[in-house]
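Peer 1: So the protein sequences, as listed, match chains A and B. Going by this note's numbering, the first residue of the first sequence is number 1, and it counts up by one from there. Going by this note's numbering, the first residue of the second sequence is number 248, and it counts up by one from there.
Among these hints, one or two may not hold up.
Here are some of the chain A residues that sit facing chain B, going by a computed Cβ distance under 8 Å [what the hints assert, rightly or not]:
| hint | residue |
| --- | --- |
| 1 | Thr51 |
| 2 | Ala76 |
| 3 | Arg80 |
| 4 | Thr91 |
| 5 | Gln96 |
| 6 | Met104 |
| 7 | Arg110 |
| 8 | Trp118 |
| 9 | Arg119 |
| 10 | Lys144 |
| 11 | Gln164 |
Just so you know, these hints were derived from the structure itself, not from any lab. Quantities reported herein were computed from a predicted structural model and do not represent experimental measurements. Glycine included, every Cβ here is placed at the ideal spot set by N, Cα and C.
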Amino acid sequence: MSALLEVSGVSVTFDGFRAINNLSFSIGPAELRAIIGPNGAGKTTFMDIVTGKTRPDQGAVLWGDRAISLLSLSEAQIARAGIGRKFQRPTVFEDQSVTENLIMALKANRGPFAVLGWRPRAADMDRVAALANEVGLADALPRKAGELSHGQKQWLEIGMLLAQEPKLLLVDEPAAGMTLAEREHTTRLLVDLARTRAVVVVEHDMEFVRRLNCKVTVLHEGSVLAEGSLDHVTQNPDVIDVYLGRG
Amino acid sequence: MTRGFLSKNPSILIFLLVLSLFTLGVTFLSETYGIAFLSTSFIKTLGKTLCLCLAALAMDLIWGYAGILSLGHMAFFALGGYMIGMWLMYARTEEIVVAALANEPLPATAQEVVNGIAGQIFGVVGASELPPIWGFAHSLPLQLLMVVAVPGVLALIFGWLAFRSRVTGVYLSILTQAMTLALALYLFQNDSGLRGNNGLSGLQNIPGLSDVPQDQLSLWFFWVSAFALGVGYLLLSWVVSGKFGSVIRAIRDDEQRVRFLGYSVEGYKLFVFTITAIIAAIAGALYYPQAGIINPAELAPIASIYLAVWVAIGGRGRLYGAVIGAAFVSLLSSWFTGGRAPSINLGFYTINWVDWWLVLLGLAFVCVTLFAPKGIGGLFDLWQGLRAPDRKGAQLGPDDGSLQEQEALK
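Kindly generate the complete structure, drawing on both the sequences and the hints.
Peer 2: This is how it looks when you write it as structure tokens:
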């Protein structure tokens, strides 16, 4: 199976601090993967590199069957190539309605001229309604996103990600601030999504990772410490030493 | 999505209705077609005000909607004026030169006519040849094209350089202001080819219409200005109503997030910057024939700051707010600075409004920014019972230009 995303030998230094150190990582086209690691392990920087926000000092990031280098693309081009990102804090456009937020995220031509002439067709509105239904916001469509509760904003952002129809989803701490029932819903959704696309979940919460029941990558000081099933990595002495043991 | 564009945006119909009633009213009160209540100079002031409103609409699109505080849009306005002024001056001088040469025993050659025009126009700066930039000035269609093309290309190049380097916020404002100042200083030079600090004058005389009296001409320009404002309002309402409006408002509030949605933020900013520069230029091309004269002082950075003040006082992020702000403040300004406002005698000091108007305007600007960020437009929200959300002082996005709590609607 060829990899969808192949990160090899990537390093990043911020003012002398090596945030990512010779990191290699790869994920297949329909795979769920959890990334865990203590604070400062480089989880967020890793996502920044993949989404184009941070440029690595060295290494390669290759994408898709044709192995395109993501390093020469802008953030917007990477997003259009099919990488969606969910931030830790919910970031939605608070002055706009839930419908407007979702319409903006819908997969469509992103050029200014195309967007200028774009008008919603019945199919688009059906898609928006279906997405809102999926994330439990069907009643909130005309409301401003800023009025929603924290959890609802998380859901709206997940809905926007789904609307983008990405091939790879990067999800930063999806369960933060969610109730138990919402967590279960999120788990089901992520597992479901991983059947058709790659999903990378960065998470602190071990219980949540256990529920995802997937391959786990442990990051430490900017490189991969261990990889495998959760049970496998939790038995790894290095992992116990740097991460779990301190808990 | 069964409702039409106009029924979803009732404010457009109200605006167009008010604008046409105003136009009809002014026509009825004019000297030419009505009861001669309004003087020609006042009709010119009103026509000019409509052009300023159009420029304010452009400013609202770029600042109120896209969150880019450009302090250089009056430069594009003035450039539009210069471009139309070149044709007006050339064609008008051509009429005079041809009439003068008609008395000569031999018929004048084309070159003699051009030399005569150049001597007439550039005598004041001690030159007698037409600079190359006047190459299109003989043709109205070509020069009209320049009204759009010159400011458009300048905005495209400047914007491309600025946005590509991701200059945002106050730094971009400073950069646009520097552009205005540089352009003004360049035009002040005699060898810039636009008559240095003399500028272009006599623009109120429209070539081929010398038989039409000014009172009639001023009304015609008033109508065209009102029409342009109406069309501009419709166009911009359409632009901001759909997904494009959504995207630029999103850029205003959180541009990084828009990037991760796959939109090229720089492309959108450049698009908005260029389109608003062109609108401002068209407004300028209608303004200066009514003003009669244009010189490089029109490009002073203060003019662009005024534009921002009008939009702020009217209420940014709503098109009618920009129009109301521009009309209200610029008319008030001409009343105060025209010496018609009565001075206030305090006994020990007399407040002369010609001197104190700027202080008053500055105070009003500060007060609006601090206490009523929605500006005059906020009164309509009050009237409709719309309120700002209670966000405990949080803005609607992380960016500098993002909407503040008090500006948003629940």
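Peer 1: Next step is simple, just say for each hint if it's right about the structure.
Peer 2: Verification of the hints:
Taking 8 Å as the C-beta cut-off, the interface hint given for Thr51(A) holds, the closest approach to chain B being about 6 Å. The beta carbon of Ala76(A) comes within 4 Å of a beta carbon in chain B, closer than 8 Å, and the hint placing it at the interface holds. Of the supplied interface hints, the one on Arg80(A) holds, with its beta-carbon coming within about 4 Å of a beta-carbon of chain B, less than 8 Å. The criterion of a C-beta within 8 Å of any C-beta in chain B is met by Thr91(A), whose closest approach is roughly 5 Å, and the hint holds.
Among the interface hints, the one on Gln96(A) holds; its C-beta lies about 6 Å from the nearest C-beta in chain B, closer than the 8 Å criterion. Here the hint on Met104(A) is kept, as its CB sits about 5 Å from the closest CB of chain B, short of 8 Å. For Arg110(A), the shortest C-beta to C-beta distance to chain B is roughly 5 Å, which falls under 8 Å, so the interface hint holds. With 8 Å as the threshold, the beta carbon of Trp118(A) comes within range of chain B, its nearest partner Cβ sitting at about 5 Å, so the hint holds.
For the restraint placing Arg119(A) at the interface with chain B, the shortest Cβ-Cβ distance is roughly 6 Å, inside the 8 Å limit, so the hint holds. Of the supplied interface hints, the one on Lys144(A) holds, with its beta-carbon coming within about 7 Å of a beta-carbon of chain B, less than 8 Å. The criterion of a C-beta within 8 Å of any C-beta in chain B is met by Gln164(A), whose closest approach is roughly 7 Å, and the hint holds.
When held up to the earlier numbered hints, the structure conflicts with none and fits them all.
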